[in-house]
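K.L.:
Same order as they appear, the protein sequences are chains A and B.
The first sequence begins at 4 in our numbering and counts up by one.
The second sequence begins at 4 in our numbering and counts up by one.
Read the hints as simulated data drawn from the structure, not as lab findings.
Some clues are possibly wrong.
One copy or two, it doesn't matter: identical chains are merged, so the pair holds either way.
[To be verified] Okay, derived cross-link-like pairs now, BS3-like style, lysine-lysine, Cα gap no bigger than 25 Å in a straight line: (1) LYS506 with LYS355; (2) LYS503 with LYS455; (3) LYS91 with LYS119; (4) LYS72 with LYS506; (5) LYS91 with LYS455; (6) LYS489 with LYS503; (7) LYS273 with LYS442.
One-letter residues, chain by chain:
Protein chains: 2
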Amino acid sequence: MAAAAAAAAATAGSGPGGVPGGVPGGVRGPVLTLETMNPAVRRVEYAVRGPIVTRALQLERDLQQGVPKPFTEVIKANIGDAQAMGQKPITFLRQVTALCLYPELLANPSIPEDAKDRARRLLAACGGHSAGAYTASPGIELVRQDVARFLQRRDGVTAEPGNIFLSTGASDAIVSILKLLVSGAGPSRTGVLIPIPQYPLYSAAIAELSAVQLNYYLEEERCWALDGAELRRALAEGRRHCCPRVLCVINPGNPTGQVQSRQCIEDVIKFAYEEKLFLMADEVYQDNIYAEGSAFHSFKKVLFEMGPPYSEVVELASFHSISKGYMGECGFRGGYMEVVNMDPAVKEQLAKLVSVRLCPPVPGQIVLDTVVSPPQPGEPSYDLFMAEKQAVLSSLAHKARLTQEIFNRTPGIRCNPVQGAMYSFPRIELPPRALAAAKAQDQAPDMFFCMKLLEETGICVVPGSGFGQREGTFHFRMTILPPTEKLQLLLEKLSSFYTKFVKEYS
Amino acid sequence: MAAAAAAAAATAGSGPGGVPGGVPGGVRGPVLTLETMNPAVRRVEYAVRGPIVTRALQLERDLQQGVPKPFTEVIKANIGDAQAMGQKPITFLRQVTALCLYPELLANPSIPEDAKDRARRLLAACGGHSAGAYTASPGIELVRQDVARFLQRRDGVTAEPGNIFLSTGASDAIVSILKLLVSGAGPSRTGVLIPIPQYPLYSAAIAELSAVQLNYYLEEERCWALDGAELRRALAEGRRHCCPRVLCVINPGNPTGQVQSRQCIEDVIKFAYEEKLFLMADEVYQDNIYAEGSAFHSFKKVLFEMGPPYSEVVELASFHSISKGYMGECGFRGGYMEVVNMDPAVKEQLAKLVSVRLCPPVPGQIVLDTVVSPPQPGEPSYDLFMAEKQAVLSSLAHKARLTQEIFNRTPGIRCNPVQGAMYSFPRIELPPRALAAAKAQDQAPDMFFCMKLLEETGICVVPGSGFGQREGTFHFRMTILPPTEKLQLLLEKLSSFYTKFVKEYS
Chain A
4 MAAAAAAAAA
14 TAGSGPGGVP
24 GGVPGGVRGP
34 VLTLETMNPA
44 VRRVEYAVRG
54 PIVTRALQLE
64 RDLQQGVPKP
74 FTEVIKANIG
84 DAQAMGQKPI
94 TFLRQVTALC
104 LYPELLANPS
114 IPEDAKDRAR
124 RLLAACGGHS
134 AGAYTASPGI
144 ELVRQDVARF
154 LQRRDGVTAE
164 PGNIFLSTGA
174 SDAIVSILKL
184 LVSGAGPSRT
194 GVLIPIPQYP
204 LYSAAIAELS
214 AVQLNYYLEE
224 ERCWALDGAE
234 LRRALAEGRR
244 HCCPRVLCVI
254 NPGNPTGQVQ
264 SRQCIEDVIK
274 FAYEEKLFLM
284 ADEVYQDNIY
294 AEGSAFHSFK
304 KVLFEMGPPY
314 SEVVELASFH
324 SISKGYMGEC
334 GFRGGYMEVV
344 NMDPAVKEQL
354 AKLVSVRLCP
364 PVPGQIVLDT
374 VVSPPQPGEP
384 SYDLFMAEKQ
394 AVLSSLAHKA
404 RLTQEIFNRT
414 PGIRCNPVQG
424 AMYSFPRIEL
434 PPRALAAAKA
444 QDQAPDMFFC
454 MKLLEETGIC
464 VVPGSGFGQR
474 EGTFHFRMTI
484 LPPTEKLQLL
494 LEKLSSFYTK
504 FVKEYS
Chain B
4 MAAAAAAAAA
14 TAGSGPGGVP
24 GGVPGGVRGP
34 VLTLETMNPA
44 VRRVEYAVRG
54 PIVTRALQLE
64 RDLQQGVPKP
74 FTEVIKANIG
84 DAQAMGQKPI
94 TFLRQVTALC
104 LYPELLANPS
114 IPEDAKDRAR
124 RLLAACGGHS
134 AGAYTASPGI
144 ELVRQDVARF
154 LQRRDGVTAE
164 PGNIFLSTGA
174 SDAIVSILKL
184 LVSGAGPSRT
194 GVLIPIPQYP
204 LYSAAIAELS
214 AVQLNYYLEE
224 ERCWALDGAE
234 LRRALAEGRR
244 HCCPRVLCVI
254 NPGNPTGQVQ
264 SRQCIEDVIK
274 FAYEEKLFLM
284 ADEVYQDNIY
294 AEGSAFHSFK
304 KVLFEMGPPY
314 SEVVELASFH
324 SISKGYMGEC
334 GFRGGYMEVV
344 NMDPAVKEQL
354 AKLVSVRLCP
364 PVPGQIVLDT
374 VVSPPQPGEP
384 SYDLFMAEKQ
394 AVLSSLAHKA
404 RLTQEIFNRT
414 PGIRCNPVQG
424 AMYSFPRIEL
434 PPRALAAAKA
444 QDQAPDMFFC
454 MKLLEETGIC
464 VVPGSGFGQR
474 EGTFHFRMTI
484 LPPTEKLQLL
494 LEKLSSFYTK
504 FVKEYS
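My request is simple: use the sequences and hints to build the entire structure.
P.N.:
This is how it looks when you write it as structure tokens:
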């Protein structure tokens with residue numbers, strides 16, 4: 004072929020790219036450049052792992068190589084990564100998973116029998132009784148059944164295994180649903196309503212899919228509550244230039260830590276019904292509720308308690324994950340979604356779409372199964388499981404209060420109660436000279452602050468601009484995950500850095 | 004908000020969807036229907052898990068419920084799922100992974116020390132020393148270094164950890180690269196050259212991304228070789244209506260079983276250089292080479308042996324997986340890609356894109372690490388590891404020959420040698436009356452044949468139309484993975500069913 008190719012090259016000329024092809028000595032730059040690449044991918048932003056984290060990793064390497072810094076450790080409070088912050092895995096989850104991966108351990112007398120029973124039951128549901136086989140694309144049927152039972156217990160409402168799709172973390176499922184929903188061009192392009200501040204997976208997926216992002220602002224003054232009038236404003240504005248078809252809600256809120264009231268959820272469902280919106284409910288923090296008087300109400304439960312016409316019509320996809328809660332098993336990439344009132348033909352399309360990626364990771368499916376069907380009273384693992392779970396959750400509740408207290412002691416910082424989830428999202432006043440200095444460096448003012456904080460203290464938090472915030476306000480997101488004593492130290496260090504920063508730029 | 008929402012609904016009118024919104028008693032159908040959904044997703048097809056597999060699962064359920072069938076078992080020879088077919092996992096891989104997931108096992112005296120050393124080394128590289136923490140988005144740095152060392156040994160060419168991106172199986176990485184490459188509209192839309200027959204992940208991803216699929220046909224008569232003239236034809240034709248920028252190659256071939264010669268690879272690289280094409284090399288079957296005289300040559304190695312200008316310019320992404328080879332660890336969803344000569348600014352965009360999904364599953368990263376850095380001579384696990392690996396590979400080689408022999412004994416079936424990978428893709432002659440019967444049922448003729456085969460024998464194979472084939476030719480893809488004796492029986496059963504089928508429709 005070589006000679007023929009050379010001959011062809013002489014006649015082939017240049018492609019539509021315009022650069023000559025095989026001309027000896029001719030220019031042959033790269034095919035793929037910033038200019039020629041997918042512009043939708045270029046528009047994607049993901050602050051949680053953005054430039055500030057890149058810098059944090061650099062500083063970590065510097066420290067390792069002995070470069071002197073004003074701190075001895077970089078603290079990555081940028082991401083909800085419980086085990087990276089020292090949280091220990093729940094023993095039962097890991098026992099069952101290890102047994103499934105290495106069944107020789109079934110003979111090990113030091114692992115309790117209920118863990119072994121689970122492992123045997125799960126392995127029997129795997130192809131060739133092995134965790135190394137592909138599963139059905141929506142997940143192991145048995146695990147889907149266990150998830151359905153879990154949902155029935157949680158909501159008191161029937162759940163169908165056929166409506167459950169296991170996923171590679173919640174992100175994967177959220178993107179799958181958005182993919183289905185995006186269509187049209189120009190004024191009929193799908194608009195997606197998202198809360199601001201939001202978890203940037205939403206804006207990233209919307210950018211990648213070239214959908215239209217429609218922001219509704221949460222009310223910081225009312226503890227980041229979702230406001231109906233604001234939702235209507237955002238919808239009306241969106242209708243002027245696109246076709247809003249999706250409403251995303253994050254409850255408990257990320258990054259806000261807000262827990263929605265039952266009434267609020269009911270209002271949102273009515274709104275979705277009346278305005279013909281597909282509801283996406285991100286409920287990955289459903290186990291993380293700390294504030295007194297706050298309780299988790301699932302959208303599914305409220306929808307069915309409202310009854311017809313809502314319960315028969317409103318399309319809902321709700322998402323859960325093994326990465327958060329008391330589990331913190333981020334590395335396994337496990338999760339699921341439940342779809343309700345989805346057109347059966349569309350559900351088939353969803354099943355087809357997920358089949359292209361074959362199946363979610365089996366270890367994550369196994370962990371998920373142990374989460375939705377935990378040890379029961381009387382089983383050998385029950386006491387330890389409950390003790391470990393409670394220890395994690397009560398420590399998180401304590402750290403939520405601690406965060407709020409220490410931040411609110413500092414003039415210029417205002418932190419809403421962390422009612423749920425894993426983050427504080429305090430508001431910071433920044434003096435005009437700081438804004439000017441940020442502008443001079445072509446940085447958002449809160450990015451400027453967070454970068455300075457990182458360089459001086461080693462504390463890595465994410466600027467509010469990465470999540471969205473009302474114009475002229477500034478925030479950062481910080482996890483509540485470090486061990487209590489360390490967190491207390493961090494909060495105090497951060498607060499005093501802020502005070503110093505304000506003085507410096509006043 | 005409820006009352007306000009109702010008032011708003013009265014004035015909101017209908018969205019661009021055209022269906023009235025909150026009109027009391029008005030029509031309120033679903034938001035998401037086949038008509039309103041993403042048309043690109045609707046176009047996606049994925050035969051390997053398509054209608055024939057749905058029917059196979061149904062038949063399996065029927066059997067379980069005691070419905071009488073002319074067979075006692077459904078054999079899923081539709082997918083390269085080794086462990087589902089009874090292949091045992093490689094002990095060392097599972098030991099290291101189980102140790103990482105449940106480090107209490109480090110005290111277990113029955114697990115060899117080298118597995119424990121690996122686990123300790125990997126855990127030290129995980130956040131909080133836990134497999135439950137997120138890793139860096141391109142994967143654990145240590146694993147990327149181990150992959151780079153593996154590639155250096157394999158190719159004799161430097162490999163940079165910074166060019167390695169771990170992934171959720173190879174599919175994930177392939178889609179990520181395609182995402183970067185797709186841009187433009189109308190005649191400047193990205194065209195992607197793919198072999199026919201192909202692995203349908205390519206056509207599915209191209210459909211989903213609304214890129215333009217450009218088919219180059221492999222030469223069945225020359226054992227499915229890649230033909231340079233055909234490649235040029237496909238490119239020239241593509242240039243009439245789009246902007247061809249990507250050339251995909253699958254070597255060893257899926258579904259063809261072809262292993263490319265070094266010369267062929269060199270010719271493809273020259274072609275990509277001359278015609279300004281980005282090369283994607285799917286090399287997931289690199290360990291699966293059976294035919295005498297066949298050898299695996301990586302595109303990276305050949306590219307660097309060719310030297311400048313090729314080695315300095317041609318952009319290459321090559322893909323590998325833990326799902327195939329001797330490992331067959333499909334359920335873990337692990338893999339990696341190496342990018343070569345990628346514009347650094349684009350590489351940053353790739354890093355950003357993968358960061359949105361946080362990280363590949365950690366258990367899959369761990370298995371991958373053991374694959375690229377297997378036990379060494381003198382280590383306690385070496386002998387068992389080598390014995391297990393060789394047993395799998397020599398059994399596959401035997402089954403590849405067996406498949407070809409039995410099929411070629413049957414008049415009307417012609418099967419090229421299975422030089423590599425895990426599939427046979429025999430050609431079958433179908434009599435005109437069978438074609439007419441298929442047409443009457445609105446089915447592709449080979450789908451008609453495969454469905455009849457499934458209903459009568461319980462053998463599930465995928466029709467050639469799911470992979471693409473020359474007009475008027477018919478094939479099916481069948482894995483060589485069932486245990487030898489079972490495979491022999493299956494092949495004989497399939498062959499005699501074919502003979503009967505031909506007689507019936509003649």
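K.L.:
At 25 Å max between alpha carbons, let me know whether LYS503 reaches LYS455 within a copy, between copies, both or neither.
P.N.:
Answer is within: at 11 Å inside a copy they meet the 25 Å cutoff, but 78 Å across does not.
K.L.:
Within a copy, between copies, both or neither: which one fits LYS506 and LYS355 at a CA-CA cutoff of 25 Å?
P.N.:
neither (58 Å within a copy, 36 Å between copies)
K.L.:
Within a copy, between copies, both or neither: where do LYS91 and LYS119 come within 25 Å Cα-Cα?
P.N.:
both (21 Å within a copy, 20 Å between copies)
K.L.:
25 Å Cα cut-off: does LYS273 pair with LYS442 within a copy, between copies, both or neither?
P.N.:
neither (43 Å within a copy, 49 Å between copies)
K.L.:
How would you label the pair LYS91, LYS455 (within, between, both, or neither) given a Cα cut-off of 25 Å?
P.N.:
This pair counts as neither: shortest intra-copy Cα distance 32 Å, inter-copy 54 Å.
K.L.:
At most 25 Å between CA atoms: does that hold for LYS72 and LYS506 within a copy, between copies, both, or neither?
P.N.:
within (22 Å within a copy, 83 Å between copies)
K.L.:
What label fits LYS489 with LYS503 when the C-alpha limit is 25 Å: within, between, both, or neither?
P.N.:
within (21 Å within a copy, 75 Å between copies)
Violated hints, in rising order: 1, 5 and 7; the structure is consistent with all others.
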